[in-house]
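Heads up: the protein sequence lines correspond to chains A and B, in order.
Each residue of the first sequence is one higher than the one before, counting from 601 in our numbering.
Each residue of the second sequence is one higher than the one before, counting from 1069 in our numbering.
One should not assume that every hint holds.
Chain B side only, calculated, beta carbon under 8 angstroms to chain A, not exhaustive [stated by the list, open to error]:
#, residue
1, Asp1092
2, Arg1096
3, Phe1097
4, Ile1098
5, Thr1101
6, His1114
7, Pro1142
8, Leu1146
9, Leu1170
10, Tyr1171
Keep in mind that the hints were calculated from the coordinates and are not lab data.
Note that the Cβ used here is the ideal one computed from N, Cα and C, for glycine as well.
Single-letter residue listing:
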Amino acid sequence: MTTTVVPFGPQHPVLAEPIQLQLSLEDEVVTEVVLGLGYVHRGIEAEAERRPFDKDLALLERVCGICSVAHGVAYAQAVEALAGVEAPRRARLLRVFFFELSRVQSHLLWLGLAADSIGFEALFQSCWRVRERILDLFSATAGARVIIGITALGGVRVDIPDQRLPAVRSALDEAERGLGDIAPFVLGNEAVARRLAGVGRISAEDAIALGSVGPTARASGVAVDVRRSRYAAYDELPVEPIVESGGDALARVLVRWHELYQAIELCRATVDRLEGLPGPLRTHVPTVFRGEATSRVEAPRGELFYYVAADGDRHPTRVRIRTPTFANLPAVLRMMPGTQMAAVPLALLSIDPCLSCTER
Amino acid sequence: MRELSDARTVPAAELPAAAHLLRDEGWRFITATAVPEPGGWMVLYHFERDERLCHIRTRVARDDEVPAIDEAFPAAFLVENEMSELQGVRVSGLSIDYGGRLYRDFDGPEGWIHVHGPGAGEVVSAVCPARGDGR
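Next up, chain A with everything else stripped away, as it sits in the complex (with noise of 0.2 angstroms):
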């Protein structure tokens, strides 16, 4: 039969970011493809290690506009580290609160682009009307929508004093009654699970070895979680993963699903946490290092790893960053062969790519 090469990307209607996978198609189906990089690449780590330590943070937060937050705790959790210094418990609790409205922002923004690329409108103009929601949360505490800048080195940069807390409340109830409205176009409606059954199936196996992590690990049975490092806060707010075993972008659905509750959950344990407790926000941390220290976080799309290293200069000599999709990129090339060609778009959606996190 004969071999047809499609270039899939680096400007597709569903890829908000540029990235190319080549396909190899025979009739309608992918027999091989190469992957390729580079095209909005920004060389941060680079950058970085020309920045003193606290200037770094600003630009690390600016690693991806979704995971943010993510980016800012890692790289202030392994500088903490490295300084041998440890956040306040208040601090702490406020990374915890932020990082879970993260999470639920941006899987809402996922499961939005997703339903977008089935056709689904309504369901992606719903659910982006309940992440307005917690942007609105996010400029009523932190002063921004997006790129919230909380984190600090030694601890965070913004409080939640005890009057805003029943309103941060009452904020919570109300995204989570829009997801209740929503509920039932995800989870019941039969025309969303015949499109996304069976598309881009991962075995356990394989996301065990490709070294898949997050929800698209998840999805496939296998329960990793950073959050169980207790990391932050999570020592006094454990984490049980939410686990799927389908593994394909269906299962994906069901685990973003249900992690938008639980990081709710995890968001009202923290405020009721925070209510009147007392404790300064920042701890002292010096701003010359000697030495090398590694921190993970789970971010929207999974484990977040960071490696920063230190020569006594005011600056890095190394900054590192693995980040999630960039993990769970091997996994979309082992889930390819074998996939339609009309499937392939919502096969790569299914892991939630962050090009912007993969071209650090």
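For chain A, the structure is supplied; the task is to place chain B on it using the hints.
For chain B alone, kept in the frame of chain A given last:
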């Protein structure tokens, strides 16, 4: 100097065997980090098991090769290609070798390193001869 706990150093030639051992013990590959040193590279491989980390450290001279570990950990091929293309670390025995074309050039189909890399006279991230210290 605060170094990573649970890190051990192995000669580059023993890296694949060390990786196979870790795989058999149930460790998951996270990523690799190439850190420039005078005259060469320190390459760290990071692994996780049951929320614990361990690291393998190896050192290679600038013109020497570090063997790939993607036979033990298939997920490693991507970062090994990246180290090769964006930093200039020589990686041998890759099961999937992009030949310098994983990271594309902005203006054409060629790999970025072929157009802008050291061979083309431009400075690649972390390979900065102007500093004279290997960075």
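- Item | Interface hint for leucine 1170 (chain B), Cβ within 8 angstroms of any Cβ on chain A | At about 6 angstroms, which falls below the 8 angstroms cut-off, the nearest Cβ of chain A leaves the hint on leucine 1170 (chain B) intact, so it holds.
- Restraint check, 8 angstroms cut-off on beta carbons, for phenylalanine 1097 (chain B) near chain A: holds, 5 angstroms
- Supplied contact hint for tyrosine 1171 (chain B), tested at 8 angstroms Cβ to chain A: holds, 3 angstroms
- Message: Interface hint check: leucine 1146 (chain B), Cβ to nearest Cβ on chain A, cutoff 8 angstroms. Holds or violated?
- Response: Status holds, d = 6 angstroms.
- Minimum beta-carbon distance criterion (8 angstroms), histidine 1114 (chain B) to chain A: Holds: closest Cβ of chain A sits about 7 angstroms from histidine 1114 (chain B), inside 8 angstroms.
- Does isoleucine 1098 (chain B) pass the interface hint, meaning its C-beta sits closer than 8 angstroms to a C-beta of chain A? Holds. Min distance 5 angstroms.
- Holds or violated: is there a CB of chain A closer than 8 angstroms to the CB of threonine 1101 (chain B)? holds, 4 angstroms
- proline 1142 (chain B) as chain A interface residue, shortest Cβ-Cβ below 8 angstroms: holds, 5 angstroms
- Item | Hint validity - aspartate 1092 (chain B) Cβ closer than 8 angstroms to any chain A Cβ | violated, 13 angstroms
- Query: For the hint on arginine 1096 (chain B), does the least C-beta distance to chain A fall short of 8 angstroms?
  - Reply: holds, 6 angstroms
The earlier numbered hint that this structure contradicts is number 1, and it is the only one.
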